[in-house]
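Peer 1: Residues per chain, in single letters:
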Amino acid sequence: MELHYGWNELKDIDFMSILPIILPVIAIGMILVLIALIDLYRNRKTRKNVLLWTLIIIFANTIGPILYFVIGRKDSERI
Amino acid sequence: MNNFAVLAKKEFVQMVREFKVIWLPLVFIFLGITQPVVSYYLPSILEALGGGQGITIDPSMAAQKGGEVLASTLGSQFDQLGVMIIIVSMMGVVQSDKANGMLAFILTRPVTVGSYISGKIISNYLFVACSVALGYLVSYLYVVFLFTSVDFGDLIVALLFYLLWILFIVSFTTMISTIFNSQGIIALISIVFLLGCRIIVGLSPVIDNVNPASMSKHAMEVLILGTVNSQALWGVLAALAWTAVTILITNIWISKKKFNNE
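Just so you know, the protein sequences line up as chains A and B, in that order. If you count by this note's numbering, then the first sequence holds residues 1 to 79, one letter each, in order. If you count by this note's numbering, then the second sequence holds residues 1001 to 1262, one letter each, in order.
Hints are computed from structural coordinates only; laboratory data are not their basis. Just so you know, not all the hints are guaranteed correct.
[Unchecked claim] Stretch-level coverage of chain A by chain B, calculated; a stretch enters the list once three of its residues show a Cβ under 8 Å from a Cβ in chain B:
1) 19-30
2) 56-67
[As the list claims (entries may be wrong)] DSSO-like cross-link-like pairs, simulated, lysine-lysine; straight-line CA separation at most 30 Å:
3) A:K48 <-> B:K1010
4) B:K1257 <-> B:K1065
5) B:K1257 <-> A:K45
6) A:K45 <-> B:K1010
7) A:K45 <-> B:K1020
8) B:K1065 <-> A:K48
[Unchecked claim] Going by beta-carbon spacing under 10 Å, a handful of chain B positions derived as facing chain A:
9) L1026
10) V1027
11) I1085
12) R1109
13) V1111
The beta-carbon is built from N, C-alpha and C at its ideal position, and this holds for glycine as well.
Excised from the complex, chain A in its bound form:
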């Protein structure tokens, strides 16, 4: 049984037929990330842990921006 997969197997997948269906999913994820990053950048002076939040927003997909909007913005208001 073959357990190792290489890059050349990616060619077997027909990307052009998948693209129009996958694109909205990626687009909505990107919009969430963008809104969160823009808000973080505009308030970078008053927020704590700016670098940490940037990493969370970018790498924790879809959960990261939500966490930032709920927790990240509220903590800063108390300062």
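With chain A's structure known, arrange chain B on it following the hints.
Peer 2: Structure of chain B alone, referenced to chain A:
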């Protein structure tokens, strides 16, 4: 009624300021899209990644009906991640007012506790219901595009059943948010209790009749079978009764001033 309008408007202004008005609908649209797309591509994902030799994918497995996929959107996306996101976004609804002294200030004015609570619950519920409905409709569009079409009447009936469950979630989270002072405890208790309600659905028909989470099961049944369960009326009454109880407890708790502003 005037007090109510002002308080509801204040809630909406706060939602716009917190960007909630943008991200909550987007999250539900995302959840709604994910389920049809993943179940449509599940056979090809398995084929591509599951070790090519020795596995045959039964082609009849892929032929899911549209209603089943839409029901699994409600049952496995909205009922787990969706409920958690609603709770997390609403955990500060009364708690933040308590924390910064706003609640004590509002109650020194000639505002009845009833109009304060109804302003909170109705404005938040309308907004959450709109975003859930939006995600559900986008999911419906995807299902029609990728699978078979779903009867429009069934779609609306299932949505109405589901929105009753959402109403209970919103009022329960508001109650917990009134009683407890720490956001972490509010989120923990609400998530454990509401997901627990959802898990025990289907264990016994007697429990289902008094469990507000059975609304979600009835919505799924309408989508899959196309008929309304005869027991659904009791479930609707129970869900409305539980919602009334939670609102009553919130009302008593605030009017007896059991809250302490830290």
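Peer 1: Hint compliance check: list the failing hint numbers for this structure, sorted ascending.
Peer 2: 4, 5, 8, 12, 13
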